[in-house]
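Protein chains: 2
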Amino acid sequence: MLAEIITIGDEILIGQIVDSNSAFIAKELNKIGVSVYQITSVQDDQTHILKALSEAEANADIVILTGGLGPTKDDITKKTIAEYFDDTLIENTSVRKNIEHIWNVFVKKPLKQVNIDQALVPSKADVLMNKYGSAPGMWLEKENTVFISLPGVPYEMKALMEDEVIPKLRTRFKFPYIAHKTFLTYGLGESVLAERIETFENELPYFIKLAYLPSLGRVRLRLSAKGEDKHTIETEMRKQTDILLPQISDVFVGFEDDLSIEAVLGKHLTQLNKSVATAESCTGGLIAERFTANPGASKYFKGSIVSYTKETKVNLLKVSEELIDDHSVVSAQVAEAMASNALTLLNVDYAIATTGNAGPTKDDTAEDLGVVYIAVATKEKVYSEQFSFGNHRIKVINKAANKAFEMLQKEILKK
Amino acid sequence: MLAEIITIGDEILIGQIVDSNSAFIAKELNKIGVSVYQITSVQDDQTHILKALSEAEANADIVILTGGLGPTKDDITKKTIAEYFDDTLIENTSVRKNIEHIWNVFVKKPLKQVNIDQALVPSKADVLMNKYGSAPGMWLEKENTVFISLPGVPYEMKALMEDEVIPKLRTRFKFPYIAHKTFLTYGLGESVLAERIETFENELPYFIKLAYLPSLGRVRLRLSAKGEDKHTIETEMRKQTDILLPQISDVFVGFEDDLSIEAVLGKHLTQLNKSVATAESCTGGLIAERFTANPGASKYFKGSIVSYTKETKVNLLKVSEELIDDHSVVSAQVAEAMASNALTLLNVDYAIATTGNAGPTKDDTAEDLGVVYIAVATKEKVYSEQFSFGNHRIKVINKAANKAFEMLQKEILKK
Numbered sequence: 374m375l376a377e378i379i380t381i382g383d384e385i386l387i388g389q390i391v392d393s394n395s396a397f398i399a400k401e402l403n404k405i406g407v408s409v410y411q412i413t414s415v416q417d418d419q420t421h422i423l424k425a426l427s428e429a430e431a432n433a434d435i436v437i438l439t440g441g442l443g444p445t446k447d448d449i450t451k452k453t454i455a456e457y458f459d460d461t462l463i464e465n466t467s468v469r470k471n472i473e474h475i476w477n478v479f480v481k482k483p484l485k486q487v488n489i490d491q492a493l494v495p496s497k498a499d500v501l502m503n504k505y506g507s508a509p510g511m512w513l514e515k516e517n518t519v520f521i522s523l524p525g526v527p528y529e530m531k532a533l534m535e536d537e538v539i540p541k542l543r544t545r546f547k548f549p550y551i552a553h554k555t556f557l558t559y560g561l562g563e564s565v566l567a568e569r570i571e572t573f574e575n576e577l578p579y580f581i582k583l584a585y586l587p588s589l590g591r592v593r594l595r596l597s598a599k600g601e602d603k604h605t606i607e608t609e610m611r612k613q614t615d616i617l618l619p620q621i622s623d624v625f626v627g628f629e630d631d632l633s634i635e636a637v638l639g640k641h642l643t644q645l646n647k648s649v650a651t652a653e654s655c656t657g658g659l660i661a662e663r664f665t666a667n668p669g670a671s672k673y674f675k676g677s678i679v680s681y682t683k684e685t686k687v688n689l690l691k692v693s694e695e696l697i698d699d700h701s702v703v704s705a706q707v708a709e710a711m712a713s714n715a716l717t718l719l720n721v722d723y724a725i726a727t728t729g730n731a732g733p734t735k736d737d738t739a740e741d742l743g744v745v746y747i748a749v750a751t752k753e754k755v756y757s758e759q760f761s762f763g764n765h766r767i768k769v770i771n772k773a774a775n776k777a778f779e780m781l782q783k784e785i786l787k788k
Numbered sequence: 374m375l376a377e378i379i380t381i382g383d384e385i386l387i388g389q390i391v392d393s394n395s396a397f398i399a400k401e402l403n404k405i406g407v408s409v410y411q412i413t414s415v416q417d418d419q420t421h422i423l424k425a426l427s428e429a430e431a432n433a434d435i436v437i438l439t440g441g442l443g444p445t446k447d448d449i450t451k452k453t454i455a456e457y458f459d460d461t462l463i464e465n466t467s468v469r470k471n472i473e474h475i476w477n478v479f480v481k482k483p484l485k486q487v488n489i490d491q492a493l494v495p496s497k498a499d500v501l502m503n504k505y506g507s508a509p510g511m512w513l514e515k516e517n518t519v520f521i522s523l524p525g526v527p528y529e530m531k532a533l534m535e536d537e538v539i540p541k542l543r544t545r546f547k548f549p550y551i552a553h554k555t556f557l558t559y560g561l562g563e564s565v566l567a568e569r570i571e572t573f574e575n576e577l578p579y580f581i582k583l584a585y586l587p588s589l590g591r592v593r594l595r596l597s598a599k600g601e602d603k604h605t606i607e608t609e610m611r612k613q614t615d616i617l618l619p620q621i622s623d624v625f626v627g628f629e630d631d632l633s634i635e636a637v638l639g640k641h642l643t644q645l646n647k648s649v650a651t652a653e654s655c656t657g658g659l660i661a662e663r664f665t666a667n668p669g670a671s672k673y674f675k676g677s678i679v680s681y682t683k684e685t686k687v688n689l690l691k692v693s694e695e696l697i698d699d700h701s702v703v704s705a706q707v708a709e710a711m712a713s714n715a716l717t718l719l720n721v722d723y724a725i726a727t728t729g730n731a732g733p734t735k736d737d738t739a740e741d742l743g744v745v746y747i748a749v750a751t752k753e754k755v756y757s758e759q760f761s762f763g764n765h766r767i768k769v770i771n772k773a774a775n776k777a778f779e780m781l782q783k784e785i786l787k788k
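Residue numbers (my numbering), protein chains in the order written: chain A, 374 to 788; chain B, 374 to 788.
Hints are supplied without guarantee of correctness; some may be wrong.
Because identical chains cannot be distinguished in the list, a pair is counted as satisfied if it fits within a single copy or across any two copies.
Below 25 angstroms or equal to it, Euclidean Cα-Cα: the simulated BS3-like pairs (lysine-lysine) are [said to hold, decoys possible]:
hint: 1; residue 1: Lys647; residue 2: Lys691
hint: 2; residue 1: Lys531; residue 2: Lys683
hint: 3; residue 1: Lys683; residue 2: Lys640
hint: 4; residue 1: Lys485; residue 2: Lys754
Calculated directly from the structure, the hints in this document are not laboratory data.
On a predicted model such as this, the values are computed, not experimentally measured, just so you know.
If we strip away everything but chain A, and leave its shape as in the complex, we get:
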């Protein structure tokens, strides 16, 4: 079963926004066994959208469109869909009621004609109700291809995918069985890994594919299998997992589910009833921000001291000025003092600290650009490691955060 995704909007083609919708839709489709053949971003232009629709119809059983459903005149998706289906737009009563409800409860301003017009849908469309906004989703069919049009606002689109589109697709089609297994590895580059497991890869059955997904210090190895028979797929995936694991045991740190490493850490900390805090210099609050992006973070995350100057390290984080002068602000000693002091000041079970030169220019410390010290403190001990994350600021910051999470995870798993 093949799908295509079409994202509509000039703002994508001029680079004003990053299209994150496609990744979400692709992931949801993959989970139910639908492969995405192609993702196409097109302009707010009738001819272009019509061409994309017709090309997608030729390849795919399911075509999902996002974007171009706003109330303003640069959004022309709905008219184009009506044209493609040789249809006309009519007012849908439920959608009209939903719009009136949103305006009464949230917007609290007079309803304008452009908003009322959002209740116009092609007469052949089934409406998919949008809980978070005024633009409805639409479901149409043409010669065995299903066309689904969704608004481009990410949280509206996501709710529609999860609550309406996926359940309706499951009813409409019989899907093949798809399984993914992702092996998270740290410490070896993509090419070294690839050479090491070349034989394994060559001997995989035809219905299992291996992909390498390198990202800032970690490589994810993803096995993907697809077939009609769930039992065959699962048996073979288990068998290949058993073959692969011993070959990567020194760098394998766990299977990856949909959760980020900080979300996994959050689950561990919640289960253990332990708390964490951070003292951040070069990561500037990123570690705290990533912890707190997860619902329920207040159960285990107490806070952070972002100490971006020597003054803040001394006055707020109580790092001794002599220690900084003796060893420089980017040093194992300072990282460890930051972690130890955060542990005490924030009264937590674990503290992690970062200090380094993120660049782009070398500051007045002795250490090279990209050198970062990361420390972990517990009630029993404190230790640090030195890393060299290269010469690109955002990369250094993100690698340091990833590595800090990894060090904390290793510390917690020791228990």
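Once you've looked at the hints, dock chain B against the given chain A.
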């Protein structure tokens, strides 16, 4: 002048990564007057890539490919390009030297055959040297269409675009003149704005387009003009700006350049030689992280106290326990105390503080889900505002950070 972007990689089509490269490439191309006609994401599959190349060639003068250049066998872009150009792969001496240099200086491990093979490029290709990695960029031409292949690692791709591709395109082509002007507005929804300026929009000359870009509490209005004559374009853009501005004066907060609001704030603070700190509860460090993502942030950003629990607010941020008990942790009083205390503790000229319920579930405070108080403190005063950012956690956190930056900008611009 039209371009197409082709991104290659199964990891995009299964939704494992969001394609942020296309937006960057599109933005860079737009700046020099190249419009992107279409962005297409295709599988790591020779037939599919060949089809995309041929379709792009039919539409575009410039085709930029990213991805599929890693050292592992699931990366087949280079072989496919060679096939498309009826060419063979040969070892490029400069690329080989670059790879050996990277391995000697950074990787410090034996060089493997898969890495050496990255020096193989189509014999017809001009090599674009990759400063940050081993996969070279490539430039090929076919019947007046330029094909450029770049690695998919974002920071490698970005450096290649800025340092190699754009300068080389400027030499190779004569570009039309393109101008964008983006009006940042707060406080009115897209549809209300659209109705208000409908006449303006209808009377725009054919070579100027208006787009609405709504995002988390703000609507950007973007005028885009394109033509041969720079003088005509600039005169007309000024004229249309003068017509539009009086119609949106109550919601207009400034023109947006390529800089983020926090980068603009950083420039202001540096010029004024003023410092800033944050005390963050519901934003969890995001404001600090966004300040420090900018090079040179240590000139004005001193640090942050992320106080994610009542205990941290009391012990570290010195907010009085009675104040919290009397007014609840999500209140104007607590927000203002957080900002005032951060101002003192971190010894800065400006402090901003956030406290709120990000959700997804209502906690034990009196305030509703999504309610956030944001406070600004200076040496003379402290004040706060109450906001209601809805029921979606990530949206609430990001809207709160945006609004905090906006409040600080307004405070600084008062001077």
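Now for the hints, and whether the structure bears them out:
1. Both within a single protomer and between protomers do Lys647 and Lys691 lie at most 25 angstroms apart by alpha-carbon distance, with minima of 24 angstroms and 24 angstroms respectively.
2. Proximity of Lys531 to Lys683 under the C-alpha cut-off of 25 angstroms is found in neither arrangement, the shortest distances being 43 angstroms within a copy and 32 angstroms between copies.
3. For the homomeric pair Lys683 and Lys640, the shortest alpha-carbon distance between copies (21 angstroms) is at most 25 angstroms, but the shortest distance inside one copy (34 angstroms) is not.
4. With identical chains, the CA atoms of Lys485 and Lys754 are never at most 25 angstroms apart, being 63 angstroms at best within one copy and 39 angstroms at best between copies.
The structure shown violates the earlier hints numbered 2 and 4.
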